Amino acid sequence: MKLERDSFRLAATDLANHLACRHLTALDRGLAEGRWKPPDWYRPEAEVLAQRGLEHERAYLAYLEQQGKTITRLEPEADGASALQRTLAAMVAGAEVIAQATLTVDRWFGRADVLLKVERPSGLGAWSYEALDTKLAQETKAGAVLQLCLYSDLLRVMQDRSPEHMYVVPRRPGFPLETYRVDDYLAYYRLVRRRLEAAVAARADDEATYPEPVPHCDVCRWWPRCDRQRRADDHLCLVAGVSRSQRQELRAHDIATLARLAVEPVPIAWKPARGAKEGYLRVREQARIQLQGRTEQQTLHELLPIVSGHGLTLLPEPSPGDLFLDLEADPYVDEGGLEYLFGWAITDAPPAGMLALEVGTPVYHRHWALDRTAERAGFETLIDTIMRRWDTDRNMHVYHYGAYEPGAVKRLMGRYATREAEVDRLLRGGRFVDLHAIVKHALRASVEEYSIKKLEPCYGFERAQPLDQAGAAMRVIQRGLELGETVAPGDAHAAIVEAYNRDDCLSALALRDWLETLRAGAEAEGTEVPRPPVEPDEPNEKVREREQRANELAARLLAGIPEEARTEAEQAQWLLAHVLDWHRREEKSAWWEYYRLRERSDEELLDEMPALSGLEFVARLPGKGRTPVERYRFPAQETKIREGDKLHLPLPDGRELGDVVDIDLAALTVDIKKRGACADLAPASAFAHDSYPSTEQFESLMRLGGWVAANGLDAPGPWRAARDLLLRRGPRLGGGTGGALEAPGEGGVAAARRIALLLDRAALAIQGPPGAGKTFTGAHMICDLVRAGKRVGVCAQSHKVIANLMQDVVRYAAREGVRVACLRKVTEKSAVPDPGIAETTDNAEIPAALRGGQAHVVGGTAYLWSREAMFEAVDVLFVDEAGQMSLANVLAIAQGAKSLVLLGDPQQLEQPIQGTHPEGTEVSALEHVLGGSQTIAAERGLFLDETWRLAPAICAFTSELFYERRLRSRPGLERQALLGDTPFAGAGLWFVPVEHDANQSASREEVGVITQLVGALAEGGLRWRDGEGQEHPLGVGDILVIAPYNAQVSDLHQRLPAEVRVGTVDKFQGQQAPVVIYSLATSTPQDAPRGMDFLYDPNRFNVATSRAKCVCIVVGSPRLFEPDCQSPKQMRLANAFCRFLELAREVRLDAPSALGVASG
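Numbering (this note's numbering), first residue to last: 1 to 1160.
Just so you know, these hints were derived from the structure itself, not from any lab.
When the alpha-carbon atoms are kept at most 30 Å apart in a straight line, the in silico DSS-like pairs for lysine-lysine are as follows:
| no. | residue 1 | residue 2 |
| --- | --- | --- |
| 1 | Lys277 | Lys440 |
| 2 | Lys790 | Lys800 |
| 3 | Lys117 | Lys69 |
| 4 | Lys673 | Lys1067 |
| 5 | Lys1129 | Lys117 |
| 6 | Lys800 | Lys829 |
| 7 | Lys2 | Lys37 |
| 8 | Lys141 | Lys410 |
| 9 | Lys141 | Lys69 |
| 10 | Lys646 | Lys829 |
| 11 | Lys542 | Lys410 |
| 12 | Lys673 | Lys646 |
| 13 | Lys454 | Lys440 |
This structure is a prediction, so every number in the text was calculated from the model and none was measured.
Can you make the complete structure from the sequences, with help from the hints?
Structure, rendered in C-alpha cells:
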C-alpha cells in the first residue's frame, strides 16, 4: 500500500493482508500516511526467499523453452507506465509466453510471473491470456489464489475477456501445473477487493477496527502492538476457553473485561440467550483464578470435583511400558501436510519380574521424516515400537497432550493403508490417553490457555530448550519443507527442533506423574478416584481372518505397481487393492467414534451431531409388552439422530439405552424404547451407535480382486463393467469405446435411451443436475430394456430411493403399454405395498423370480446385489444417487449385472463416510468418473444439460457456479414467474438481510422475518406462472422453507402454518416449489456449527437454491457473506455465497410495511 498524491495505490499483497486481518489494513494505512513508524521486524531469510523465488521462476521459464515455447521477457522497470506499455504491446503482438507482465487498471497494480497465451478470442484477436505464478511453497495458500484473481481481473479489462483458468507452479520435480477455475474464486475476490477499497476510503481512524486475535497473529509484524492493546484493555479474549459467542453474550450484560467477569455474582443470575448457564459459570470461574494468579503473580491451580468417567478417573495405572508421544508437523507441505518428526519418551525395558514404575531414566527416541517415504517409515516405526512394548507390558499406554496425535495416526494409517489392524487394536483397547482432556476436567489453572507449556509451572517442569529459539528454528525447518529444500536432520535448526520435541515428550511424562500425585492426594482425603476400565482390544477370529485375506490379495494386486507416477491401468489396480477392506475401515471408524463419544461429558455431547444432551423426562408412553417407551424433551441442538437409531449412554454407565421410536425436531422430543436394564434410568444424554455387517460386500470385492490378480485388469471376461469403472472408461457400445456419447442435437435423454439398448458389458454414467430429469431418464431406460426382453436391477443407498425409481418405472410403463413385473427386497413388508411392486423379505426368492420371468425389474440395496447368488442375475443394474454411493459399494454390487448405469450428481448431496481411506478410494462412484471436474466429460458419460425446473435467472447462477456453464433452462421456462404486487415479482434470486449476532444454529430474528414473508406471499393474492404459461394462485403449499440446521427448522415449524413444507437441505433433495426461502440462521462464519465446511458446502447450497422454480430468497446475516478465508478451499466454499449476493436483488425488511403486511 502506497500513498500517491491523494489516493492509495493497491497491490495483491494488500488484498492478502486484508483477508488475513482487517485491523492489519488499518495499521498499514497509518504507516503509509506516516502516522506511525513500522515495527522492528527483522526477517533475515526474506532476501534468501526472494532470490530462490527468482531462481524457481527462471527454471520454469527454461523448462518452457525446452518444450518449444517462445518467451518474451519483460524486465521490471521503475516506470510503471512504461512497463505497462511493453506488456500491452507483447499481448497485442500475440506473444506465446510473457514473463514479468505488468498489469494496471486504475489504482490497482500487479506483476504476474507469467502470462500464457490461450486460443480463446478476446479484444486482442483470436487469442487471450491467462495468469500463472511460480510459488516456492508446495501447498498453495489463499493469498496466492487471491493474487491470481487480481491478475485475472486486470486481464479481463486489458483484453476485454475474462480468463477461464489461472495457474500455480509449485517447486516440485517436473513443474506440475495446478489449475484453478477463475469462476470458482472470482466472486470472493471481488468481495475482498470491495472491502479493502472501502477500508482505505473510510475516515483515517485506527480505532475503527480492533485487534481481535486471528491466525495471522502468529506471523504478523504488528503482533506486539496488538497484544499490548488487548492487555491494556483487559480484553475478554484473555480468558482461557471463552468462545466468541460467549464474549458477545457477556458484553450484552456489560461484562467487557476479564476483571469484571471474575467478580460476576454466582450463581449466574441472568439467563443467557445462547448456550447453557454452566458454560458461563465455567468461564467466570476461569476468569476468577486468572485474576487471582495475576494479582499474586504466580501460576495457581485448583482441583475440580471428581466425576466418574472424566478427569482424573481417566488416568490408567502407571506401567513401565508407558510411552509419551509428540509429533511435529507442517500442514502446508503438499496436500495434507507432513508429520516430519516423530518423537517419544520411554523407559528402558524393566528386568524380568519387575513391576515398579521407576525402572530407569526416560529415554528419548526420534524419527525424522522429511518426505513421504520417510513419513511412512516413521509411522510404521512408531506403531511397531508401541506394539512391541504392549506385547511386553499389557498395561502400557500411549500418553499425549491434545487430540492431534491419535488423529494423525489414523490419518497416516489411511494415507498409506498400513498398520491398520494394529491401529485398530490400539484405539479399540483405549491405549491412547489424552492428558489435555484429563486436565480440562480435573483442574482449573490461572493460565490464558491450557497448552502444556503454560501449565508447566504448575508441576515444576523446566525446559532445556528455550521456546523462542525453538519457534525460530521450526519456522526455518518448515519453510524448507514447504519450499522443497533439502533439510538435514543434523543441522543446527533441526537440533533445536529435536530438543524442543524431546522437552514436549518429557513434559508429558512429568505432567502424568503430577496428575498421579493429585489423584493420590484426593484419595488420601477420602475421595474415591476409580481407574478406567480395561477395554478388549482384539477383534474376533473372523475379523482377523478377513483382514489377513484382504492383505494377502492386496499384496498380489500391488506386485509391480509403483508407489508414485502410476499409469491409468496401474492406478485402477492400485485402487482395487486398497478398496478391498474399505468396509472394514468404515466399521473401525464407527467403533472409534463410539469410544470417543462414550467419554464425552453431557456439556460436550451438546455439540456432537450423533448425540442428544439435556434430556428431560416427559412421560411414559404405551408400548408393546414389558418394554417401556419413554418421551424426553431436549433443548435446541444439532443432531443427526433419527428414528431407528440405537442409543448408548456415556461413561460412567456406558450401557446400551435403547432404540429411537420417534424424534420430533420441531417439538424437540424423542421417544426411546428402553432396554430392560435401563428401564428405571433417567439419562441426561445419549449418543447413537450401530454396526452393520458388510460380509457380502467384502466377499464380492474379494472375488473381483481375485479374478483381476489371476487374469489382469483389462482381460476379456466377467466383471467387465466393474473393471471399466475402475479404469474410468466410457461405455463400450457393441464392442467399441471412444468419442462423445451424445450425437449432435440428440439430447441427453434420447442419447441415454439409445445407449441403454447398446450396452455391452459396460458402465454408463449419467449426471443429472437439478430438474434435469435424472429419474425420468432412468425410468424410461428401464422400460425400454424390459420391452427388449432384458432383466433390470435397481440399487441405491436407501430403500426409499429404490422405491421412488421403481414407482416411476411402473407409472411410465403403464403409459407406454409396457408389461413390467417389479419385485423389491425389503426388510419388513409394507402395510400397504406400492401398486405394481411386489415385496419379499427372502433373498433366495429373487434369482428364481428373475429366471422364471415372474420379475423383470428387481430392487434392493447393496446387501442383495453383492451376494454371490446374484452374480449376473440381471442384464443391467441401475444405481440411483450414485453420487452418494461409494466406489467400493458400486464395485461390490457390479457383479449382479453384465452392465451398469450410474445415475446421480456429485454436485448435490455427497456420500456419507466415516473412515479414513487411501486417496482415491474415499470417493463416490460418480466422483471417481468425473475425476475432480464439476461435470462429466462427453466421452465418459452423459450430462443432462437441460433443466425442466429452473427459471433462466436461477439456472444461470446454478450453471455458472456448479456446472461449468453447461446447464441451461428448457425453452418455455422463461415464462415462469411470480406475479402480483410484491418486491419478489418476476423470477430469480433475492437476498433479505437480517442483522443478528452470535447466533449459531438458530436465529429468532430470521424466524420472525420468514414468518412475515410467508404470510405476505401466501396471503397477498399473488399468482405464479408455470413454464406452459398457466397461472396458479400462490398458497402456502407452494412455498418451501429450508434451513441448514435442525434447531432453526424446529423454530420455523413452531411459527409457520402446518401446510408449509419446512426442513433441512437433506430432506428436500428431489423436491421443488415455485418459491424457496433458505434461512442461513448463523450470524458469522465463526459462529457456524461444524465450521465453514458444512454451512458453505457448495453441494448443499446448490441443492437449497435449486429447489426453486421461480423465486429463490436467501434470508441471512450480511456478515455471512464476508468470511475471512485462510485457504483456497475456504475461498471456493465462500465463492458461491458471494456470487449469489452479486446476482441477487436485495430486499430490506426493516419494517413490516416493506411487505405490505401489519405487524403481529
